[in-house]
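Novice: If you follow the hints, you should be able to join the two separate chains into one complex; please do so.
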Amino acid sequence: MPLLKVENITCGYGDMEVLRELSVEVAEGEIVSIIGPNGAGKSTLMKAVFGLLHPWQGAIHFEGRDISRLEPYQIVETGMCYVPQVANVFTQLTVEENLEMGAFVLKDGDIGARKEKIFELFPRLKERRRQAAGKMSGGERQMVAMGSALMLDPKLILLDEPSAGLAPKMVDHIFERIVRINETGLAIMMVEQNATQSLRMAHRGYVLANGENRFEGTGQALLNDPDVGRLYLGG
Amino acid sequence: MNATQDPTAQAPELTPRLDERIRAALQTRTAMAVILAGLLALIVVLAIVQDVSAGRILSLTVWGIMLGGVIGLGSIGLTLCYGVLKFPNFSHGAMVTLGAYVTFAVMQALPQGEVLRPFSFGWEFLVALIVSMPVVGVVAIGIDRVMYRRLRQRNASLVLFAMASLAMAFFLRSIIYLVWGSDFRFYYEGRANPALDLPFGLRVQADQFFILGLAIVLVIAVYLLLERTKMGKAMRATANNPELAQVRGINTERVVAWTWLMGGALAAAGGAMYGLASQLRPEMGFWLLLPMFAAVIMGSIGNPRGALAGALIIGVAQQVSTAFLNPAYGPGVAFILMVLTLLIRPQGLFGGTE
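Chains as they are written, first to last, in numbering that gives the first Met the number 0: chain A, 0 to 234; chain B, 0 to 353.
If you're looking for bench data, these hints aren't it; they were derived computationally from the structure.
Ideal placement from N, C-alpha and C gives every residue a C-beta, glycine not left out.
Not one of these hints is a red herring.
Which residues of chain A face chain B? A few of them, derived with a C-beta cut under 8 Å, are:
| id | residue |
| --- | --- |
| 1 | F49 |
| 2 | P83 |
| 3 | N87 |
| 4 | F103 |
| 5 | V104 |
Excised from the complex, chain B in its bound form (with noise of 0.2 Å):
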């Protein structure tokens, strides 16, 4: 693990031969910026070369952005998860569905206030998205104790994990099937909810960029409490070396619940906000968790900035192709992103070279 402290394993290779060097040089960060940006530039192209008009593009790159700002909240608490856990939790986009639900369920019992303009959501949808991410993060803990800890206990192996957490992502939807239907749900039925008239032919809804900036805002609080509060820190350093984290007297099992709260509450938030932005279905964190893994690993597995990032380049990605595919592929688009980056360079943007 800590082979840096050997001198020697740091001197460089004497003359690598010619496809060892090129080899390495696809690897580096900026090989992987650059092959990412031209896939993105590919993407636009093949968009422009259909005929779609660059007022259009605009447009779909926006909400390209939000959609991965919706990604980007549920990936960083998956990331976390990974972090600190050690697992993939397949339960993650369930955690993003039960947050749509439970601020939908949160709307049903307040009365409905008047229209805060130029959005197309009152008050009562603010207050219940704010309840819900601590129920939801509450939720996380409570499946924590009743099951990843006692597997957590007995030292179960990773795929005991991950498959546990497929069971779980099973159970929630069907608790969800059983509670609300399979109908499709709307925050606002039938309520108009026009585009704004920007410049450049940019027609974007205004309730898209309180999507952006609420997660720009969540984003920022994430970062902050991370690299500045006490159990943020706690948390990098159990992620970093677990057991070295037990030594220097850090309760883990009080990290752990820490983290389930703040990725129950991420998910919340990001579930709700594609609630608004499109329907509720009872699948629709199901469809999302592609896209999510495939942040993850494209930002590096346990880096919530890495994660963000990765969210945003697969959500553009994701919506500009939808200018000349079907957005069903949606999440198409999003595994070759991963595959390629699992190709690359499987440590992610901003993986070391350890």
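Excised from the complex, chain A in its bound form (with noise of 0.2 Å):
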């Protein structure tokens, strides 16, 4: 049984349609890497899982439990976290209370181990752990986002284009602690506009387009289909 399984959902904004009866799954220990040019629906596919958008139709199981009509505070507790794409940390608390935030509905424990394991893996958080994130460059915030999602140990995290507006070399290194996170046993599923690295970091991979699943395989498959290449990894 797979960890995520999005069945057939139709789903929108007002009365537009975004997402035509689209499925997706993941399946434990996986990293999954959605793919597709701008408008194509990833974010709002992410959305959706979440709770932040709810189907029109289809349904959307997370451990087998449908989780179509959950609001996201209640999807936070069965063990899923986002890290949106925009505005993802809150500027004007600290590192650490950013983090503390990823753990709100935590009732007690262990949150100052849970803060050093995020520190162990984000060592650069630690040292400013008393700044306010907003005066932090994009790729300590993106640290930062996913520090916060990582807090509450969840089984599956969505990040929603954890590259975007990053240099180069911390897109390697965001790139590279995602693989590590993975290896933790956390499944992972990803939005990503930096196409090619992503699928070759992925163990499986769709292409939207238009709403709709076009291409779906291995990471290595859709990067050796020559439509796939042609198409969306602009060679």
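Specialist: What follows is the structure, encoded as structure tokens:
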């Protein structure tokens, strides 16, 4: 049984349809990369999975449980976390407070120990723990955003364009961390503009266009597919 | 929103024109602080020119700080409410009035005890104050449930929220007129409250020190709550980025309720203190509304510390200017300060440059 199963969902904003009968699956411990041109509905898919939008039709199951009617604050408690593409940190809160807000739903417990784990993964955050997140560089913000999402020790993490707006060196660093996070057993579903690089690290991938699923397969197969290459990888 | 993610956005412009440079320099925080300090100095100089004694100017300054404390308690609630709910609550002045009158009502129900020298009030005032704070806080939550929450659920526009709060201000004021009438009320009618004899010709009542002390204690309490507790951090997080707060699992409706509770309780404390320093009138809070908004804007909307700083500046400016101006122009002084802030540095003293 897959960890996340998105089945034939149709959804959008107001009366504008963005996704049409789209199906996506993520198995445990997998990195799944969603690529496609602008406006294909990649971010909308993330929002629908996380309950920020509710599908008009179809269903979303997480660990066999139907979550398509849950609100984001309920979905957080099921063991799934989401890192939005923009405005993904509390700019006026310190790094440490951002991480604490990541663990908001925890009633008690080892928040200190969890923070240390995040600091191990991103040592730079430890140096700047008392700094306001809004005063940090784009790459550091991305670390804060991912760190906050990891505070709950989720089973699945949704990353919306983790490399957007970052310098190439920082992109490599963030991707390397994503692989490392995945190696601890966490499943990752990510949306990326940086298609080639993200397919290279993904176990499987989906190519979205006009709200529909055009291609799917292993990361390598999609990279080698001449149609995918010509249409979406710029080569 | 997140424009700073783009590294090129931070690149400094090359050699801006002179007028642009002057304009940019005027908009810095330092420039605004200098202008405000200059304005306060101007008020003092005007007072001296009118042959007002140094002792009186000093006394007025101390009273101004006290008035600033009262305005500050109101404006902290106002700025928190704006931060979390993103609308200017025009009924906040009415909450101040309500707090003053609820304190009055509780005092009437209690037996009058001995006067706590050197203050002019007895323990019944303190009990009434402590009772009225949560009462007004709960009233604020109740108003939110019947009105603002419905508007939120319908994604109503900002204008609708502002108009609804204005309506609520008139409604609350009418209720106060109905229950307590339009006559002035006093917590202690005809009780002598002599000023203490202090050095430098300073004439200040012990009550005024109490008011200032309590304002400081409450402000510190709010500060600790916002900085140290989980709910306080969640309030700041929700004010900063409501959508992300939801994504992180923060129940925003609970944050909203806490915001109203705190805002209402602080407004009530401000009202009771204002009533103690002068008298109770159904429009007392309405006249505080303008100084409160001025303080909120001056200290950057949504920033509690800024609101307090703004309130102190406005309190002092208002009081000291009474040395040569009719006190009825007090709100006018606050208004001038607000307009100046909006012209020079609309984001206020503590706002970023984003």
